[in-house]
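Asker: Each chain is listed here by its residues.
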Amino acid sequence: MDEYKIVFAGSMGSGKTTAISLLSDITVASTDVINTDITSTKETTTVGIDYGYIDLNDQLRLMLYGTPGQDRFSFMWKIIANNALGVIILINSNSPNALTDMEYYISFFSKEGIQNIVVGITHLDTETSLSLSSFIDAHKNITPPVPIFACDARNKSDILFLLEILISVIEASFHEK
Amino acid sequence: MKNSQYQTAKLMIFCNEKLAELINNTKGIHTVVVASIDGFHISSVVNDGHMKSTNRLSAVGSSLLALSTSISKELGLKNCQSIEINTDMGRIWISPIQHKDISLIFLVQSNEKLLHGELLFNAKKTRYQIEYFLSH
Numbered sequence: 005m006d007e008y009k010i011v012f013a014g015s016m017g018s019g020k021t022t023a024i025s026l027l028s029d030i031t032v033a034s035t036d037v038i039n040t041d042i043t044s045t046k047e048t049t050t051v052g053i054d055y056g057y058i059d060l061n062d063q064l065r066l067m068l069y070g071t072p073g074q075d076r077f078s079f080m081w082k083i084i085a086n087n088a089l090g091v092i093i094l095i096n097s098n099s100p101n102a103l104t105d106m107e108y109y110i111s112f113f114s115k116e117g118i119q120n121i122v123v124g125i126t127h128l129d130t131e132t133s134l135s136l137s138s139f140i141d142a143h144k145n146i147t148p149p150v151p152i153f154a155c156d157a158r159n160k161s162d163i164l165f166l167l168e169i170l171i172s173v174i175e176a177s178f179h180e181k
Numbered sequence: 071m072k073n074s075q076y077q078t079a080k081l082m083i084f085c086n087e088k089l090a091e092l093i094n095n096t097k098g099i100h101t102v103v104v105a106s107i108d109g110f111h112i113s114s115v116v117n118d119g120h121m122k123s124t125n126r127l128s129a130v131g132s133s134l135l136a137l138s139t140s141i142s143k144e145l146g147l148k149n150c151q152s153i154e155i156n157t158d159m160g161r162i163w164i165s166p167i168q169h170k171d172i173s174l175i176f177l178v179q180s181n182e183k184l185l186h187g188e189l190l191f192n193a194k195k196t197r198y199q200i201e202y203f204l205s206h
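Protein chains in written order, with this note's numbering: chain R, 5 to 181; chain B, 71 to 206.
Bear in mind the hints are in silico, worked out from the structure with no lab data behind them.
None of the values given here were measured: they were computed from a predicted structure.
Treat the hints with caution; some may be incorrect.
[What the hints assert, rightly or not] The list that follows gives simulated cross-link-like pairs (lysine to aspartate or glutamate, EDC-like), each with its CA atoms no further than 20 angstroms apart:
1) B:Lys122 - R:Asp75
2) B:Lys170 - R:Asp75
3) B:Lys72 - R:Glu47
4) R:Lys82 - R:Glu107
5) B:Lys143 - R:Asp36
6) B:Lys170 - R:Glu107
7) B:Lys148 - R:Asp36
8) B:Lys80 - R:Asp41
9) B:Lys97 - B:Glu154
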């Protein structure tokens with residue numbers, strides 16, 4: 005069986021653990037602990053990795069790795085990104101730094117050598133959140149260009165859609181080579 | 071910058087005092103750090119003259135303890151009580167400090183000359199003192 009590594013990265017509270025839990029064929033191995041950050045209302049937060057996998061068929065398994073969102077855990081991002089085929093970056097649109105967060109994560113993983121990136125914007129249903137077009141506009145003329153979509157991390161079909169887009173991006177990159 | 075709800079003046083002052091005692095009373099211990107379970111630095115003492123990022127140590131220690139707890143649970147061994155890393159130049163001992171809903175991590179680094187038992191005895195004594203403080 006061929007196994008490929010896909011990383012879920014992005015800002016704190018954007019839904020990375022939820023997304024992996026929805027997709028995974030196994031119970032996710034997680035490293036969630038109590039969140040003590042007074043700037044966030046989350047009860048728990050990932051500080052190590054999340055791990056699960058999804059078998060697309062008898063021959064192909066996608067291993068799903070989730071990173072912690074906070075910048076202080078960026079050493080884990082590098083470890084997890086090693087040999088990854090692609091990254092799904094989830095951004096919480098309700099975060100005060102959502103636009104700069106998006107560029108920061110795209111830039112980080114690009115520099116780690118991962119060119120196959122898809123962005124999902126989450127929490128678009130709250131009153132204080134930015135609109136999807138704000139993110140698309142902010143990313144115009146910035147390299148590398150990446151597809152950006154609205155996404156509800158609690159909705160399996162939304163996450164599967166992002167995964168399908170990422171697989172398309174990966175296939176396109178293979179054809180280019 | 072104080073971001074964690076555990077970064078209270080009382081706890082930070084108490085930990086500073088106890089960590090300084092540990093490092094002053096145990097020749098061979100070079101670094102001690104107390105952090106929140108999610109990787110925020112609370113208190114630390116470093117005595118070997120080398121600059122270390124105790125903020126970074128707090129985050130790495132938190133990840134290591136969470137990963138160790140995860141593997142312990144995968145193997146049906148419940149929670150991780152401590153991690154010990156043995157290197158050519160010394161040891162690193164990491165342990166959770168738990169009281170009710172407060173969860174901290176405690177990281178101690180020693181050189182290779184310090185006896186293993188002395189490291190564990192003195193580090194655990196300090197850990198218990200912090201746990202006792204949290205319970206009152």
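Asker: Straight-line Cα separation of lysine 122 of chain B and aspartate 75 of chain R no greater than 20 angstroms?
Answerer: holds (18 angstroms)
Asker: Given the hint that lysine 97 of chain B pairs with glutamate 154 of chain B, test it: the Cα-Cα distance must not exceed 20 angstroms.
Answerer: Answer holds: lysine 97 of chain B to glutamate 154 of chain B is near 19 angstroms, not above 20 angstroms.
Asker: If you draw a straight line from the CA of lysine 143 of chain B to the CA of aspartate 36 of chain R, is it 20 angstroms or shorter?
Answerer: holds (13 angstroms)
Asker: Tell me if the straight-line CA distance from lysine 148 of chain B to aspartate 36 of chain R falls inside 20 angstroms.
Answerer: holds (15 angstroms)
Asker: Check the hint pairing lysine 170 of chain B with glutamate 107 of chain R against an upper bound of 20 angstroms on the C-alpha distance.
Answerer: violated (40 angstroms)
Asker: Is it true that the CA of lysine 82 of chain R sits at most 20 angstroms from the CA of glutamate 107 of chain R?
Answerer: Holds: lysine 82 of chain R and glutamate 107 of chain R sit about 17 angstroms apart, inside 20 angstroms.
Asker: Has the given pair, lysine 80 of chain B with aspartate 41 of chain R, been kept, meaning a C-alpha gap of at most 20 angstroms?
Answerer: Roughly 18 angstroms between the alpha carbons, so the hint for lysine 80 of chain B and aspartate 41 of chain R holds.
Asker: What's the verdict on lysine 170 of chain B and aspartate 75 of chain R, does the C-alpha distance respect the 20 angstroms limit or exceed it?
Answerer: violated (28 angstroms)
Asker: Would you mind confirming whether the straight-line C-alpha gap from lysine 72 of chain B to glutamate 47 of chain R stays at or under 20 angstroms?
Answerer: holds (18 angstroms)
The structure fails to meet hints 2 and 6 from the earlier list, while all remaining hints are met.
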